[in-house]
Structure formats: C-alpha cells, structure tokens
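Asks: Residue numbers (full-length UniProt numbering), protein chains in the order written: chain X, 1 to 278; chain A, 1 to 278.
Each hint should be verified, as a subset may be incorrect.
Each pair may be met inside one copy or between any two copies, as identical chains are not told apart.
[To be verified] Calculated lysine to any residue pairs in the SDA-like style (CA-CA distance at most 25 Å, straight line):
1. K28 / L107
2. K95 / A215
3. K28 / L38
4. K111 / P189
Everything labelled a hint here was simulated from the structure, so no lab data went into it.
There are 2 protein chains.
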Amino acid sequence: MSELRLPPGPVDLRGLPSDATPGFTGDKADGQEALAALGPELADLQERLFAEGTTGSHRRVLLLLQGMDTSGKGGVLRHTVGLIDPQGVRITSFKAPTEEERQHHFLWRIKRALPEPGIVGVFDRSHYEDVLIGRVRGLAEPRTIESRYGQINDFEAELARDGVVLVKCMLHVSADTQKERLAERLANPEKHWKFNPGDIDERALWPDYRAAYEAALERTNTEIAPWYVIPADRKWYRNLAVGWLLRDALHGMNPQWPRADFDVEAQQRRLEQEEPVS
Amino acid sequence: MSELRLPPGPVDLRGLPSDATPGFTGDKADGQEALAALGPELADLQERLFAEGTTGSHRRVLLLLQGMDTSGKGGVLRHTVGLIDPQGVRITSFKAPTEEERQHHFLWRIKRALPEPGIVGVFDRSHYEDVLIGRVRGLAEPRTIESRYGQINDFEAELARDGVVLVKCMLHVSADTQKERLAERLANPEKHWKFNPGDIDERALWPDYRAAYEAALERTNTEIAPWYVIPADRKWYRNLAVGWLLRDALHGMNPQWPRADFDVEAQQRRLEQEEPVS
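One chain only, chain X, in its complex shape (with noise of 0.2 Å):
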C-alpha cells in the first residue's frame, strides 16, 4: 500500500485526508469481507515466520500503533492483529511512564519490549510519545526533545540492521470524528469506562498536538522506516489498510518453512517400528 506511505518531507496533517479510502472502492461489508479474507494469509506468513525465528533467524516485526485518543489503536487490535495466531503476537501498552521508566532513557522502556525472534511485535503508543505528549506538555526541556528526534531515527536504523521490520502506522481521525466518537462513550453506559474527563481537556490542546505529530512525522520518515498515515474516520478502513501494511512487511520478508535438520525418512522408519505405546 505505497499510497499510504507519506511522502518526505514537511507534513500539513490538515490536508491528508482522514475519511478517504485509499486504494479500496468497496463499502464497509466489503472492507470487512476483505479483512476477514486477510486472515488466512496473514495467519500463514505469521506462521513461517514464527517457524523461522525457531532456527536463529533474528528477523520479526515491530507494527507501531500511534494517533490520537479514539483513533482506533485498539480496534486494530481486536480486529486486525487478532487474526493472527496469538503465539506469534506480543502487544505492547505503552502508558504514562512509571517512576522507575522516568528514571531512564526515554528508549529504556522501548528496547525493554521489543519481539523476540520470529514474533509480531505490536506497539500501541511507543516512543514517539515522548516527542509528542512530551513536548505538548513540555514533560522534558525543548533541547532534550529536540534531540530525540535523531536519536529516534538512530535506533529505528539500528532495529532495521538487527532484523526488525518496522511498519510505523499514524492513525489519521479528524477532530470532529473524535467529538463523534468521545459522544458515543458519554452515550453508551457499556462504554463509560473507556472516557476521562481529561479527554475533553486534551482537545483544546488538538492544534499543539496536531503540530507535534507533524514535527514527529517530519523529521522521522526515514527510506529504513517510513511512516505511513492511515485515513481514520471509518473504522473498517483503517482496520483494512494496516492488515494490508502487516501483509506487505510480511510478505516482502518472504520467511521460509525451515528445513528438517534430521533424516525425514529414517524418522518415519522408527516411528513405524517403535513398540506398541499405550
């Protein structure tokens, strides 16, 4: 999905769409037809990979989920990492840091999560956090956040040479989808859990933080990891579009079944002569 990819350089989030549907013409009962037929595929590549891992390889995946309150991080969980075998996922959920994460560098935590070999590593919220909450709310010095971004697109190279394949997803709602969908909570006693009166606070900060993506999307779409922004506002897009990133990632690591590193035929004689077993 090249169209989704953003294109180098300055960022006006303003004017990416964020209820188009790039590259599907279909409507939502066939954007979730076309989800569910993802499955098998993914599910299949998921697998040789997680085979793979089993014999040294270093190679997986690091899908990094970032965007806005409500703009579906994990409704892409449940839909669309939840295709793929459980075994093979490892779901990060980055919150405010602990005491002991404040204490480190803002990479601690990361490095701390990252999938082990053959695994799909999903992050909701990441790094990106802290040039982002951190410099709206001014959590560190402007030099300090400042000099993340280097540091940033330093460790992403350095994951790419360590095997890690990273599909960097910024979730795209406008703020009026966002009002939509905050009402929706309020309306919904089954829902009232998932809202903070601090949300409606966020909002009045939605330019600053607007601003900061588009500093953080700037200054990190490197060729080793792009960024790309999904168009958010419907829900089984944006559910469609990463199952499609994940697809592609996987598909262009092209992981193979390992081979047997034991006589086939010579086990299959033992187990046809074993003694009776019961």
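Using the hints, position chain A against chain X.
Replies: Relative to the frame of chain X, chain A by itself:
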C-alpha cells in the same frame, strides 16, 4: 461443562475417553460453527472483565493447559484463545527452565507470569511440569517431587483467594493419535520444524508420563481448582470444549461494566459546548 470435570479419587487415564465428544452431538463442521458462535459471547465477557480490572477489581482468569506432545495446546491457543481480544490475553509458554529459573523455587517463574487484574492469562504448560517431566526424568529428588503436590494445592488456593479463577485443562490424547500426528508432521515439509527426533524417544516413556499425570490429576484435583480432562483426539471438539470452559468461567464471574465515576450529562454538555477544534 460439568461432564468434563474430573471426579475426585484415583485416576485411570486409559479408562477416560480421548475420542468422545461429551455434551455435543454434531460433527466436525457443526463443532467448528459452534466454536465460532462462542466468539461474540467470549469477547463480550472478556471485555467486561477487562473493564472491571481498570477499576480496582483483582479478578482474572487463568486457563492452564497441560497434555502430552501433540495434544493440541497450540491449537487451543490459536483457535479458542484467538477468539478473544489479544489486548486482554496474556499467554506464557513454559519451556525447560532456564539456568536462572532452576536456581529458584519451582513456583517462582509461575508467579512472575500470573495475569494482571482483568486479564485472561493462559499457561501453555505450567508448574505441573515439575511433577510430570520432573518425576519421569528424575529432575528432582523423589521427596522433593512428593512435596510439590501439596505446595501446588496451597498455591492454587492462594490464587483463588486473590481473585484468580483457575481453569485447569488436561488435553487427553491417545498414544495412537499422537503417533498419527507425529507421522503427519513428518509427512509435511511445512511441519518439519515442529518435529524433533526426541519426540519419538519420549513415546517410549508414555506409561511413565501417564502414571505421572494420573498422580498429579488425583492429588491436585481440589474443590477450588478442579481438573477438566478434555477428550482431545478430535481437534475441533478439544477447541470447542475449552471454549465452553472458558465461557463458563467468565460467565460465572459475572463481570459488570463499571459505573461512570463522573457526571455523564455534565460531560456531554462540556463536549457540546466546547470551542471549535481542528
């Protein structure tokens, strides 16, 4: 599914069916459909439990899977556990203990892997390995092994007091089914990576493993943490039966959506009356 609950007293695994389908009269296709139909109910219950966990409740589920090689622990993870939102699941696969783990009490690594409140934890193998392979392979002194049954019961009672609902499943396959499944792995190059010549050596110890399972099942089949023995020769039934048990456990907990701890109407007004955002 009380039919699957192991009755108290001595256990004779050869007398327990491995190819039956208790509680279900349909065929494979019906069983797969029934499992898929469980999905929404499981997802709803799991999300309620998760929501409850955000409000101070300590309740969680621990699904514990044991069984001989090829009994299908991985299949249950993929097909049954895979039905629920991966954000609410924590799977731990216990391998042979590491150097560090061997230097600690056998429950040390288990305690570190317990699910957080609101989470469905899944153990693929567990502390029971320490009275199964531990006994068969003589990995500890007989009196040490002997002491573990009581320690396990004490530990599980403590978990129950701390809000953990334990679902202990023994996936029961016959030796013949295992042989067929090993032969399938050998016949299919895509499955060679799952095969190890040592798997055939282990089969020679089948009666010892059976005796170890029988002792473990009998001695840890407590009121508060009973065992379920799942006929597992038919993969579809095994997946469905574990789904039922998970559903029953969650249903019995009756998790409730948390009530809003804020004034819903006041927040609705705030959202309505906010300054335009973009």
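Asks: Each hint: holds or not?
Replies: Now the hints, each set against the structure:
Taking the shortest alpha-carbon separations for K28 and L107, neither the intra-copy value of 38 Å nor the inter-copy value of 49 Å comes in at or below 25 Å. For the identical chains of this complex, K95 and A215 are intra-copy neighbours only, at 22 Å inside a copy versus 45 Å across copies, given an alpha-carbon limit of 25 Å. When the C-alpha separation of K28 and L38 is checked against a cutoff of 25 Å, the pair qualifies both within a copy, at 15 Å, and between copies, at 24 Å. When the C-alpha separation of K111 and P189 is checked against a cutoff of 25 Å, the pair qualifies neither within a copy, at 38 Å, nor between copies, at 35 Å.
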